[in-house]
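Trainee: Please build the complete structure, drawing on both the sequences and the hints.
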Amino acid sequence: MTKDEKTSKNEEEEYPVIKGKTKLRRHDSLDIESTNVKGHHGHGSKDTSWAIVLSLAFQSLGVIYGDIGTSPLYVYASTFPKGIKDNKDILGVLSLIYYTITLLPLIKYVFIVLWANDNGKGGTFALYSLLCRHSKVGLLPSTQIEDQQVSNYQLKLPSNQLGLSLKLKKFLENSIVSKYILLIVTMLSTSLVIGDGVLTPSISVLSAVSGLKAASKSVFTEGRVVWISVAILILLFSVQRFGTDKVGYSFAPIVSVWFIMNAGIGLYNFIKYDPTVIKAVNPLHIIQYFTRNGKQAWVSLGGVVLCVTGTEALFADVGHFSVKSIQVSMSVVVYPALMLTYTGQASYLRLHQDNVTNAFYNSIPGPLYWPMFVIAVLSAIIASQAMISGTFSIIQQSLALGCFPRVSVVHTSDKFEGQVYIPEVNYVIMTASVIVTLAFRTTEKIGNAYGIAVVLAEAITSSFMILVMLVIWKTNIIFVIVYVCCIVSVEMVYLTSVLYKFPHGGFFPIAFACLLLSIMYIWNYVYRKKYYYEVENKVSPETLREITSQSNFCRIPGLAIFYSELVHGIPPIFEHYVGNVPALQSVVVFASIKSLPISTVPAEERFLFRRVNPRELYVFRCVVRYGYTDARNDDEPFERLLVERLKEFMRDDFWIHVNKTQIEQRSGDVVEMAEEPNHDYINDNENDGETKKANEEEMEREIEVIEKASRVGIVHLMGEPEVMSNKGAGLGKRIVIDLAYNFIKKNLRQTDKTLDIPRKRLLKVGMTYEL
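If you read the sequence shown in the numbering used here, its first letter stands for residue 1, the second for the next number, and so on.
Hints are computed from structural coordinates only; laboratory data are not their basis. One or more hints might be untrue.
[As the list claims (entries may be wrong)] Below, in silico cross-link-like pairs of lysine-lysine (BS3-like), each with a Cα-Cα straight-line distance of 30 Å or less:
(1) 82 x 169
(2) 136 x 733
(3) 647 x 708
(4) 213 x 647
(5) 708 x 594
(6) 88 x 136
(7) 733 x 82
Mentor: Written out as structure tokens, the structure is:
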């Protein structure tokens, strides 16, 4: 038995039961789950009413479809940058667009990937969290068995066990390399989606404003178009603080008009110019297109793939809406409108192939030009909303899981969960988008960069989906093979094409993603190192007794909440504190704010307590569990909830302590811990009336100690350890910890601000950790 195991065994008290009698359960959630709230399944409640579904579907038009909805502005121009050489190529490209939109956004994301959400939350981290919960592949510290009993933690899975699934799960669990690969790839995908959040506003707004050049090239030069685009971008990011709810309702009518007018113009052009383009539904035209053009057809795929931009945000934004609402809006409005829009432009180009560089505006009937220009600009602004909202969602997830530096997360809606705004990230993305617009200046150059970010992020999602299908869903291998052949293979072909444009602007999203990946990995690496340092140097119960028994140590009125990353045991920074300040409040709670790899934890299951012996010290350990979308708010005051849950725990803990004492007195045998508490059995069969009354009075006195301490005042003690590499560390470790991590930490938000701790009652305790 290791030293840590011995210490843990000393800390853990096993409570007995008389064989053959009604069993007793200790409500100690650091051993077993305290409760299991039935019927609480997080975001599922969104889908109970069709009125809510339709409301969310309408909102989703203004938030997640602007990107894919404005792609007709630049797809044909990006696909044929040097003009159309053969009129038949239009049919080949239209056929590619048909099947790309059908396979990727519609079938893959809307009807497959969205079902892999984590209690209503989407994005790569949601897929990663699913894998962590159903197999031991996570690298995040403080994993506990009792967390798996949280009512939101488990999914309903098929009962049949496939041999391949078990073998794959075992391989992932036993391979430390695959665990690191999964974490790093998750961070990479997150970084790419954030990169999309930079590029989407630039290309969408710039392509829409470029319509001014078609009206008057002499007045609206390239430089003026760029600066107008920059002004619009700044305005767009400035309104993000109002929240997705308000932005969605404001934008949804505009996007609805955009889709309706595009569909109408597309149908008009289809009938007027060349209805025979409907032949493009035959995939044979794709084969003929590649046969005629060879390598050039393969290179042009980098432009075709832009027709599915924003689909990764569609998954990331599912937490802002719901699966059903997105399925309704995509199937009923977005998909038909896109098909008609691209078909109408193809019909126009069959007779005007020289106008491909500005096909969208040139195909608009004269009287509708300026109305469509205004709506196009507004829709381009809205297109950026999809990636911005998705970026906020995935950063919130990675932040809660210890994979992103501390930033402020503001919940912007009282009606719907998951709608957040992150000020620091908003201004960083705004700055980057402005720089990209000023540097690249044309949609063609931005498109070269954009394609790589889009396809690589989608390919990573597909890879995770294969693991989800095999490990979690236990999908039949035949269906997995069909998924790989029909969807993954298509994405791989597109990926090879967009990588060809790496030297022509494609380097930007890769470089940007690598920078973010480095920051995320450095933060997570030190986060884990700090946790394991505290585990190895935690204060033992014996040391705690020695500290409190010293003659110069005194207790003062009040309740102290001492924050720590440590889940089991007392952090080493506490010994450092009492060594310099030999005084402590009458009640002490060591609180560990712990993030689970699930979206939300019900309030009833949030606090887990244990009492530290000796009992007269009134020292408790508490784990406060949050999902990665949970946050403290005014409706659930943290201090009040903690005190109430502590008193509930003390009542149960007192009766179990009494029962244990009585059993030991009668039999002296220590037997196994039991399942259900039975206070009637305790009091009616073991105690007479006087003993029962005395026990109740003693319990009330203990509860009064907690109430009195909380009334005197609650002080928050927080360890602020300075980290540095140990003396024998190598150069790489010193660079990561001493330079990179400490630089990031000093320039970002502090822990007390992130946790929203009252500053007037906060006391920080410093200590140096040598990692």
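Trainee: What are the numbers of the hints that this structure violates, sorted from low to high?
Mentor: 1, 4, 6 and 7
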